Amino acid sequence: MTLSFKDLLNSGPKVINLGMERFYLDLLGQEVPVVKVNWRPPLARSSLMDRLRKLRGE
Amino acid sequence: MNRLNDIDKANSIAFEKLLKAEPQIIDLGMAKDAIPNFGEKMILHAGPPITWERMSGPMIGAVTGAILYEGWAETPEKARELASKGEITFEPCHHHNSVGPMAGIISPNLPVWVVEEKNTGWRSYATLNEGLGKVLRMGAFSEEVIERLNWMREVLYPVLRNGVRKYVGDNGGLNLKSLISQSLHMGDELHNRNRAATSLLIRTLVPSMIDAERGNHNLSRVVKFMAGNDHFFLNPGMAAAKVSLDSIGYVEGSSMITIMARNGTDFGIQIAGVEKEWFTCPAALPDVLLFPGFTKDDVNRDIGDSAIMETYGVGGFALAAAPAIVQFVGGTPQDAVNYTREMYEICVGENKHFTIPALNFRGTPTGIDLIKVVETGITPILDTGAAHKEAGKGQVGAGIVRMPSEAFVKAAEAFVEKYSK
Chain B
1 MTLSFKDLLN
11 SGPKVINLGM
21 ERFYLDLLGQ
31 EVPVVKVNWR
41 PPLARSSLMD
51 RLRKLRGE
Chain R
59 MNRLNDIDKA
69 NSIAFEKLLK
79 AEPQIIDLGM
89 AKDAIPNFGE
99 KMILHAGPPI
109 TWERMSGPMI
119 GAVTGAILYE
129 GWAETPEKAR
139 ELASKGEITF
149 EPCHHHNSVG
159 PMAGIISPNL
169 PVWVVEEKNT
179 GWRSYATLNE
189 GLGKVLRMGA
199 FSEEVIERLN
209 WMREVLYPVL
219 RNGVRKYVGD
229 NGGLNLKSLI
239 SQSLHMGDEL
249 HNRNRAATSL
259 LIRTLVPSMI
269 DAERGNHNLS
279 RVVKFMAGND
289 HFFLNPGMAA
299 AKVSLDSIGY
309 VEGSSMITIM
319 ARNGTDFGIQ
329 IAGVEKEWFT
339 CPAALPDVLL
349 FPGFTKDDVN
359 RDIGDSAIME
369 TYGVGGFALA
379 AAPAIVQFVG
389 GTPQDAVNYT
399 REMYEICVGE
409 NKHFTIPALN
419 FRGTPTGIDL
429 IKVVETGITP
439 ILDTGAAHKE
449 AGKGQVGAGI
459 VRMPSEAFVK
469 AAEAFVEKYS
479 K
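Residue numbers (my numbering), protein chains in the order written: chain B, 1 to 58; chain R, 59 to 479.
Keep in mind the hints are simulated off the structure, nothing from the lab. Treat the hints with caution; some may be incorrect.
What the hints assert, rightly or not - Derived DSS-like pairs (lysine-lysine); straight-line CA-CA distance at most 30 Å:
1) B:K36 <-> R:K430
2) R:K430 <-> R:K67
3) R:K354 <-> B:K54
4) R:K354 <-> R:K176
5) R:K468 <-> R:K354
6) R:K90 <-> R:K354
7) B:K54 <-> R:K479
8) R:K354 <-> R:K192
9) B:K36 <-> R:K479
10) R:K136 <-> R:K176
11) R:K99 <-> R:K235
12) R:K282 <-> R:K78
13) R:K447 <-> R:K476
14) B:K54 <-> R:K334
15) B:K54 <-> R:K476
16) R:K136 <-> R:K78
17) R:K468 <-> R:K192
18) R:K136 <-> R:K451
19) R:K78 <-> R:K451
20) B:K54 <-> R:K176
21) R:K136 <-> R:K447
22) R:K136 <-> R:K224
23) R:K143 <-> R:K447
24) R:K192 <-> B:K54
What the hints assert, rightly or not - Output of the computed footprint for chain B on chain R, the stretches with three or more beta carbons under 8 Å from beta carbons of chain B:
25) 364-378
26) 429-439
Just so you know, these numbers come straight off a predicted model, no measurement behind them. Quick reminder that beta carbons are idealized off the backbone N, C-alpha and C, glycines included.
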């Protein structure tokens with residue numbers, strides 16, 4: 001689905017929120033259509049993540 | 059060991075071993091006699107190893123209570139002096155095939171459940187649950203606490219032991235896996251809600267206790283005590299989880315977590331592919347629903363071996379099975395479902411023996427995969443109690459606590475280091 005700039009001005013934004021729940025809750029409070037994707041950044045710094053991926057043969 | 063397949067295969071082996079485990083109650087005994095390598099002036103505690111100097115308030119309170127109970131000192135002051143002089147040996151319950159909720163204290167003359175894994179014969183041990191409020195495991199050590207422990211040793215223990223022996227003699231070991239499975243269908247998640255499991259345990263054991271102790275005037279008091287404590291099942295439940303996870307043993311290449319535990323100061327984990335090594339970090343500060351009269355400043359850092367329930371795939375991981383518990387820990391039934399759904403993201407598989415009616419009988423998320431935790435940034439949640447940070451004050455609340463990330467990162471570093479060679 002694509003949303004034109006004109007549609008955005010006429011009908012308002014439809015938001016997908018990744019991570020930070022606060023943004024999702026704020027939009028919800030303003031009755032903005034929003035869905036939450038429960039995403040978090042990886043725990044480890046990138047060098048460890050690279051070594052993990054290498055270990056897994058990726 | 060350098061391919062995804064190998065790690066997945068190792069995790070499948072560990073996972074299947076866990077699912078195959080058949081924990082059963084086979085006896086009760088005194089800690090000093092039943093638990094292997096129990097030293098004379100030894101006290102076992104929850105979580106990873108810790109010295110007296112680094113113990114938190116509730117742990118100090120519980121140790122003080124145990125010293126008074128054992129008669130090694132006459133006053134709380136003298137008990138602390140004894141501990142500070144290094145005259146008590148402190149070791150983690152986990153180093154002795156044991157587990158304990160909250161402070162997790164096991165001293166030589168506390169009675170313990172003896173749970174055996176049917177296939178391997180391995181055993182685990184846990185004390186008898188005292189109930190809620192001012193109790194030793196929450197760090198309380200007043201006279202009423204010691205009196206209750208004395209009553210439990212002198213009255214509860216022999217009646218319960220004889221009942222268990224009668225049951226085991228007639229039927230074989232008491233099947234805890236089946237009991238846990240049934241309880242999940244009756245609204246328990248087996249960490250903060252054990253009402254159904256306790257009821258089933260009583261229903262199973264009481265006929266044998268009546269047979270074994272007919273005419274004993276203490277029988278009615280013993281049954282009332284068990285029936286008056288919704289958490290009476292928690293301890294044998296934890297021993298079931300412990301012996302099942304212990305039955306996995308060392309599995310080369312597995313990133314599956316076999317222990318999560320907290321001592322009120324540190325949080326620690328162990329994994330199947332790095333033998334018997336603790337990876338630790340400061341324990342979480344629980345942001346939980348508090349009982350009236352307490353504030354956030356009263357709460358101690360997270361404490362207890364009861365995280366073994368989540369490591370086993372129940373407790374917080376099975377919250378969707380226990381909508382009633384959300385009234386106690388805060389949130390809505392939908393939150394409970396969401397927590398369980400999130401935990402599937404970090405687990406090796408689903409437990410076909412432990413199913414959740416509200417999720418169309420989907421198996422509970424089981425076998426936490428360290429690599430998935432690190433990759434997704436999702437750390438395990440626990441459904442747990444919280445203790446007052448000052449010794450002797452007891453429980454202040456209960457709720458959902460997310461485990462801190464640093465221990466998982468340290469374990470991942472060690473795992474990569476070991477298997478990259």
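Three residues minimum, CB to CB under 8 Å: does the segment 429-439 of chain R make the cut for coverage by chain B? Let me know. holds (count 8)
Taking only the CA atoms, is the gap from R:K354 to R:K176 under or equal to 30 Å? 44 Å, violated
Holds or violated: R:K90 and R:K354, Cα atoms, limit 30 Å. 38 Å, violated
Does R:K143 pair with R:K447 here, judged by a C-alpha cut-off of 30 Å? 23 Å, holds
Is the listed coverage of the segment 364-378 of chain R by chain B valid when you require three or more residues with a beta carbon under 8 Å from a beta carbon of that chain? It is violated: at least three residues are needed, and the segment 364-378 of chain R offers just 0 whose Cβ sits closer than 8 Å to chain B.
Restraint status (C-alpha distance of B:K36 to R:K479 at most 30 Å): Cα-Cα ~41 Å, so violated.
Hint check: R:K354 vs R:K192, CA-CA at most 30 Å. Holds or violated? Holds, at roughly 19 Å.
Given pair status - R:K451, R:K78, alpha carbons within 30 Å: Cα-Cα ~41 Å, so violated.
Check whether the Cα positions of R:K136 and R:K451 lie no farther apart than 30 Å. 19 Å, holds
Just to be careful, I want the Cα atoms of R:K430 and R:K67 compared with a cutoff of 30 Å; is the pair within it? Cα-Cα ~15 Å, so holds.
R:K136 and R:K447: Cα distance at most 30 Å? 21 Å, holds
Given the hint that R:K136 pairs with R:K224, does the C-alpha gap stay at or below 30 Å? With a Cα-Cα distance of about 42 Å, the restraint between R:K136 and R:K224 is violated, given a limit of 30 Å.
Violated hints, in rising order: 3, 4, 6, 9, 10, 11, 12, 13, 16, 17, 19, 20, 22, 24, 25; the structure is consistent with all others.
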